[in-house]
Each structure stands twice: as C-alpha cells, then as structure tokens.
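Undergrad: Here are the chains, one letter per residue:
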Amino acid sequence: MTGRAALIAIIVVAAAASLPLVLSSYQVGLATEVLIFGILAMSIDILAGFAGRTSLGHGAIFGVSTYVVVYATAQAGLPPAAAFAAGVLAATLVAMIFGLLAVRTSGSYFLLLTLALGMIVWGICLRWTQITGGENGIRGDVRPAALLNNNSFYWTVLAGTAIVTFAVWRFVRSPFGLTLRGIRDSESRMRSLGYNVPLHLFIGFTASGFFAGIAGALYAMFNNFVSPSTVALAQSVEGVLMMVAGGVGTLFGAFVGAAAIIALENVVSTYTERWQMVLGVTFIVIMIFAPEGIIGKLNAILMRKTR
Amino acid sequence: MSEPILTLVDVAVAFDALRAVDGVSLTVPRGQRRAIIGPNGAGKTTLFNAIAGAVPPTSGKILFDAREITRLPPHRRAQLGISRTFQITNLFPTLSVRDNMVLALRGLSPRKFSLFGKPDTDEAEAPRIAAALDAARIGGRADAIVKEMSYGEQRQLEIAIALVTRPTMLLLDEPAAGLSPAERSMVAEIIRSLDRDITVVLIEHDMDLALGLVDYVTCMFEGRVLVEEPPEAIRRNAKVQEVYLGKPRHA
Chain A
1 MTGRAALIAI IVVAAAASLP LVLSSYQVGL ATEVLIFGIL AMSIDILAGF
51 AGRTSLGHGA IFGVSTYVVV YATAQAGLPP AAAFAAGVLA ATLVAMIFGL
101 LAVRTSGSYF LLLTLALGMI VWGICLRWTQ ITGGENGIRG DVRPAALLNN
151 NSFYWTVLAG TAIVTFAVWR FVRSPFGLTL RGIRDSESRM RSLGYNVPLH
201 LFIGFTASGF FAGIAGALYA MFNNFVSPST VALAQSVEGV LMMVAGGVGT
251 LFGAFVGAAA IIALENVVST YTERWQMVLG VTFIVIMIFA PEGIIGKLNA
301 ILMRKTR
Chain B
308 MSEPILTLVD VAVAFDALRA VDGVSLTVPR GQRRAIIGPN GAGKTTLFNA
358 IAGAVPPTSG KILFDAREIT RLPPHRRAQL GISRTFQITN LFPTLSVRDN
408 MVLALRGLSP RKFSLFGKPD TDEAEAPRIA AALDAARIGG RADAIVKEMS
458 YGEQRQLEIA IALVTRPTML LLDEPAAGLS PAERSMVAEI IRSLDRDITV
508 VLIEHDMDLA LGLVDYVTCM FEGRVLVEEP PEAIRRNAKV QEVYLGKPRH
558 A
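Respectively, the protein sequence lines represent chains A and B.
In terms of this note's numbering, the first sequence is residues 1 to 307.
In terms of this note's numbering, the second sequence is residues 308 to 558.
Don't read these hints as lab results, they were simulated from the structure.
Glycine is no exception: its CB is placed at the ideal position from the N, C-alpha and C atoms.
Certain hints may be false.
Said to hold, decoys possible - Quick look at which bits of chain B chain A covers, simulated, 3 or more residues with Cβ under 8 Å: (1) 314-327; (2) 391-399; (3) 436-448.
What the hints assert, rightly or not - So, partial list: chain A residues that the calculated Cβ filter (under 8 Å) puts toward chain B: (4) Q75; (5) G77; (6) R170; (7) F171; (8) R173; (9) S174; (10) G182; (11) D185; (12) S186; (13) L193; (14) T270; (15) Y271; (16) T272; (17) R274.
As the list claims (entries may be wrong) - Here are the in silico distance ranges between beta carbons for each label pair: (18) B:G330 <-> A:N299: 33 to 41 Å; (19) A:I10 <-> B:I452: 25 to 33 Å; (20) B:F322 <-> A:S108: 22 to 30 Å; (21) A:Y109 <-> B:A321: 42 to 50 Å; (22) B:K454 <-> A:L21: 22 to 30 Å; (23) B:F322 <-> A:L199: 44 to 52 Å; (24) A:R304 <-> B:G424: 31 to 39 Å; (25) A:N299 <-> B:D450: 54 to 62 Å; (26) A:I288 <-> B:I452: 22 to 30 Å; (27) A:R104 <-> B:F322: 21 to 29 Å.
Using the sequences and the hints, build the whole thing.
TA: Written out as structure tokens, the structure is:
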C-alpha cells in the first residue's frame with residue numbers, strides 16, 4: 001500500500017470511528033447497518049466488478065450465516081465466537097455449492113442460476129419450520145454482553161469492517177485477483193493461456209461467499225433476530241443495488257452505496273410511506289446520469305480535473 | 308528431417324452434415340515453420356482450432372511431442388507448450404499491457420493461485436515480459452491500456468502474449484489480418500526474427516506473406532490436404548493456382 005492510500009484509509013476509519021460522538025443512538029444503529037451491508041455489497045462486487053458476474057444469490061448466502069448464528073446461540077447454546085465461526089463456515093459451504101453449479105455460466109444465465117439457488121435457500125428457510133421457525137423466524141440474544149451498548153458494538157463492527165475491507169482489497173489486487181479480471185475481459189484467451197477458468201471462478205465465488213458470510217454473522221449480532229426476509233431475493237437485490245449505486249468494481253463504493261440507500265430509506269420513510277417509489281426514481285436517475293456509480297463518477301471527475 | 312513435433316492422423320471435424328475438415332494427415336518436424344493456406348472455406352481455421360483444442364476432432368488422432376492430445380482441453384495443451392494467437396484480436400482490453408503479459412506468464416505458474424499476495428512482477432518475470440515485448444516491437448508500451456492502443460499494436464501484443472510463455476510450438480491464426488501494408492511487413496519481420504527453436508504453424512490468407520515466412524506449406528481445399536510442398540514449388544503449382552483463382556477458361 002502506498003503512503004498516500006494508507007493515510008486516506010486512516011483518515012476515513014478515524015472519521016467513521018468518531019461518528020458516535022455526534023450521532024444519536026438510533027443513528028449509530030443505522031451506521032452499523034451501513035457497515036454490515038457495505039461488506040455484503042463489497043462481496044458481490046468481487047464477482048460483479050472483477051470477474052464480470054453479477055450474483056443474485058448473495059442475500060441467501062448472507063442470510064444462511066445469519067440463520068446459523070442465531071440458531072447456534074439461541075437453540076444450540078454455542079458461545080458467540082463459535083456461533084460466529086459456524087455461521088461464516090455455513091455461508092462458505094453454501095457459496096461452494098452455488099459456485100460448483102454457477103461457474104460454467106456467465107451473463108444472464110449466471111444471474112438466473114444464482115437467483116434460483118437463492119430462492120431454494122429461501123424456500124428451505126420458510127418451510128423447515130422445526131429448525132427455522134418458518135415465517136416467524138428465530139429470536140435470540142446473539143450479541144455478547146460486552147457489546148450490548150450501541151456504540152461499543154459499532155466500534156467492534158467498524159474494526160471488523162476495516163480488517164475485512166483490507167483483506168478484500170488485497171484479494172482483488174493479488175495475482176489471483178488479476179486472473180478474475182482476465183476472465184472478465186476474455187475467457188477464451190484465459191483458457192488458451194493455460195487457466196482452468198471454472199476453477200478460478202469457483203475459488204472467487206467461495207471467497208466472495210466467505211465475506212458475505214461475515215456480513216451475515218455480524219447482522220445476526222446486530223439484529224438478534226432472523227426470518228425468511230433475510231434470505232429473500234429482495235436482500236440479494238438490495239446488495240446488488242448498493243454495489244451499483246456506489247460503483248461496480250470500485251470496492252469501497254459498496255459502503256457509499258450502502259450509506260446512500262440506507263439513508264434514503266430512513267429519511268424518505270419519515271415523510272412518505274411510498275419511500276420505495278422514491279428509491280426507484282433515485283435508481284433511474286443514477287443509471288441515466290452516473291451509470292458508473294457515485295464513486296465511479298467522482299473518480300471520473302477527479303481524473304478530468306488532473307488532466 | 309528431425310523428429311516430428313506435431314502429427315495429425317486422419318483428423319476430421321464435422322459440424323452436423325458439414326465435414327469442415329475431412330481426413331487430414333500431416334506431420335510437422337520440430338523447429339519447422341509451416342504455413343497452412345487455402346481459399347475461403349477450405350477448413351484452415353477449423354483444423355487450426357482442432358490443433359489448439361478449441362474444437363475437438365470428430366475422429367482421428369492428434370499427437371504433440373509424442374503424446375496424444377486429441378481430447379485435451381486448451382488449458383492442458385497450453386501447459387504442454389502449445390501457444391496460440393487469435394485471428395480476431397483476443398486480449399484483455401481493460402487491463403494494461405503489462406497485466407496482459409503477467410496473465411500470459413502466470414498461466415503456467417502456481418503463482419496464479421496467490422490469493423493475497425503482492426501484485427508486482429518478481430525478478431524472474433520482469434525480464435521475460437520485457438524480452439517478449441521487445442521481440443514484438445512494443446517494448447515501450449508496457450503501461451498502456453490495451454483498448455487505447457492502435458489495432459496494429461494490439462496485433463503485436465497478441466504475438467507477445469503467445470511468446471512470453473516460451474512455447475515449444477506457436478500457432479498463429481492470420482497474424483496480419485486487417486493490417487495496413489506497413490504493419491504487415493512489421494508483423495512479418497517479427498515472425499521472421501523469432502527463435503529458430505520454436506516450431507511455428509501459421510494460417511494466412513495472404514499467400515505472398517505466408518510464403519515469404521515459412522519452410523514448408525500445406526495447401527488445403529474443401530477440408531482435405533491438396534498439396535504439401537516448399538514455398539517455391541507452391542508458387543508454381545498449377546493445382547494451387549486453380550483453387551485460388553479458378554480454372555483458366557482459355558489457354
């Protein structure tokens with residue numbers, strides 16, 4: 001990492017860490033949500049922005065982790081750390097299954113296949129009532145006692161987010177990350193150069209699912225509750241929209257997109273019940289005037305100024 | 308004649324009823340430069356794809372370096388030392404020239420699986436990339452983004468990518484397609500100055516260009532081998548002139 005990038009990262013994290021000093025307890029909760037969904041959106045960006053494959057199944061992978069963490073604490077009585085690990089592991093395994101089936105496809109087939117796989121997970125969570133509680137979901141005191149205070153939980157999530165973001169950043173810039181970008185640009189050329197393209201996509205999908213699983217486990221601790229809506233298609237779509245709003249392939253844009261959408265949802269919903277319509281209009285505006293996303297647009301403007 | 312590096316035994320490729328390649332047998336000795344020529348629809352590109360692994364043969368056998376490779380997928384053939392270029396430029400357009408070369412180089416090294424490693428080239432990779440770029444005459448363009456380069460430069464990068472893996476056999480699919488005369492002679496010069504150890508098999512539509520580059524020529528017509536001769540003989544061969552130009556109507 002260059003000195004300048006490290007400096008920016010430190011400033012951003014420090015600014016985020018000082019937020020609880022100026023925000024209300026409710027707003028700190030929203031900020032926590034932004035971080036958690038930012039990780040989810042970033043995990044989708046690994047595939048969409050770098051491997052050129054948009055997944056509509058990541059909400060399900062995220063939600064499986066949430067389910068496992070809540071179940072493991074509330075029903076199986078596992079300590080928080082063990083429940084957290086179990087959730088991330090379960091999400092990674094689900095991602096491996098998704099990956100095995102999806103890596104030979106691209107474009108709309110990939111989109112539809114991941115969507116269908118996500119729907120299967122949703123169906124299981126809805127119907128397997130002995131375990132998942134069906135439509136009622138499961139409630140449990142997942143969050144460890146030391147983190148019950150909103151601010152201390154926020155700081156913990158922020159520290160976790162910083163570590164995860166650094167890991168994802170290293171991942172997409174690594175020699176392996178370059179192979180994903182190569183696959184995005186030309187699969188046939190990659191094959192002729194000696195790459196086993198499906199294997200690379202499988203590893204990329206699994207890693208992406210692992211990060212989505214971390215977000216899902218954090219969400220379990222944030223919410224202390226899980227229901228089928230956590231694994232529903234709407235969750236996957238929201239993750240994709242956050243990533244698109246921030247900017248596909250920008251990685252950090254995921255947090256900007258998550259902040260924009262969560263803020264919009266909360267601000268607009270205090271004025272009108274039709275906040276989803278406002279969200280829809282906002283999307284259309286972004287797609288028309290800044291299809292490269294918020295961060296993408298800012299980058300382009302900065303580039304033009306420096307030239 | 309030295310030992311054969313590539314042997315095709317009665318290779319056929321059929322697409323439903325169309326037998327695009329209809330029983331081709333040929334042998335390329337190690338280190339030879341071989342052109343496969345023929346008019347449109349002769350089956351050159353299909354035969355080429357069968358050798359590179361993009362289209363599996365319907366019947367027949369392909370041997371490379373005394374190993375049967377008939378059914379091997381392209382990435383396994385690449386691991387054995389077969390490298391190819393594409394007729395329609397097939398690069399990584401949003402990446403830099405250097406990243407294109409890095410991907411080409413690491414296809415055969417375990418470093419491609421380094422999940423959290425540093426992105427930079429190491430001291431073994433950098434000189435090989437520089438050498439391949441120099442061989443393709445684009446040594447100064449390492450930092451350019453591919454989609455911002457001229458078409459001619461992209462064709463040169465196409466060759467550089469195929470060279471950087473130090474292949475045993477280089478397959479060139481119409482390396483000069485779509486280039487201006489000046490660019491064509493540049494590409495010809497690049498191919499001519501390649502290391503003589505590399506076996507080169509090239510397809511070229513332009514007979515003059517092809518004949519000036521190779522030791523031996525296979526002329527195909529309607530999916531079969533019409534003649535195999537050295538370039539000087541091909542130039543005078545009446546059958547070759549006939550398939551290229553049609554039968555003379557009057558003497």
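Undergrad: Go ahead and decide if the range 22 to 30 Å is satisfied by the Cβ distance of B:F322 to A:S108.
TA: holds (26 Å)
Undergrad: Looking only at beta-carbon atoms, does the pair A:R104, B:F322 fall within the given range of 21 to 29 Å?
TA: holds (22 Å)
Undergrad: How about A:S186: closest beta carbon in chain B under 8 Å, or not?
TA: holds (5 Å)
Undergrad: Tell me if the beta carbons of A:I288 and B:I452 are separated by a distance inside 22 to 30 Å.
TA: Given range 22 to 30 Å: holds, Cβ gap about 26 Å.
Undergrad: At a threshold of 8 Å, is the proposed contact between A:D185 and chain B supported by beta-carbon distances?
TA: holds (4 Å)
Undergrad: Is 54 to 62 Å a correct range for the gap between the Cβ atoms of A:N299 and B:D450?
TA: violated (19 Å)
Undergrad: For the hint 22 to 30 Å, verify it against the beta carbon of B:K454 and that of A:L21.
TA: At roughly 47 Å between Cβ atoms, A:L21 and B:K454 fall outside 22 to 30 Å, so the hint is violated.
Undergrad: Closer than 8 Å between Cβ atoms is the bar; does A:F171 clear it against chain B? Give me holds or violated.
TA: Nearest chain B Cβ about 6 Å off; hint holds.
Undergrad: Establish whether the coverage given for the segment 391-399 of chain B by chain A is satisfied; the threshold is a Cβ-Cβ distance below 8 Å, and no fewer than three residues must meet it.
TA: holds (count 5)
Undergrad: Is 25 to 33 Å a correct range for the gap between the Cβ atoms of A:I10 and B:I452?
TA: Check passed, 30 Å falls within 25 to 33 Å.
Undergrad: Mind checking the CB of A:R173 against every CB in chain B and telling me if the closest is under 8 Å?
TA: For A:R173, the interface hint holds, since the closest Cβ of chain B sits about 5 Å away, which is under 8 Å.
Undergrad: Tell me if the beta carbons of A:R304 and B:G424 are separated by a distance inside 31 to 39 Å.
TA: Between A:R304 and B:G424, where Cβ atoms are some 34 Å apart, the hint holds.
The earlier numbered hints that this structure contradicts are 1, 3, 4, 5, 14, 15, 16, 17, 18, 21, 22, 23 and 25.
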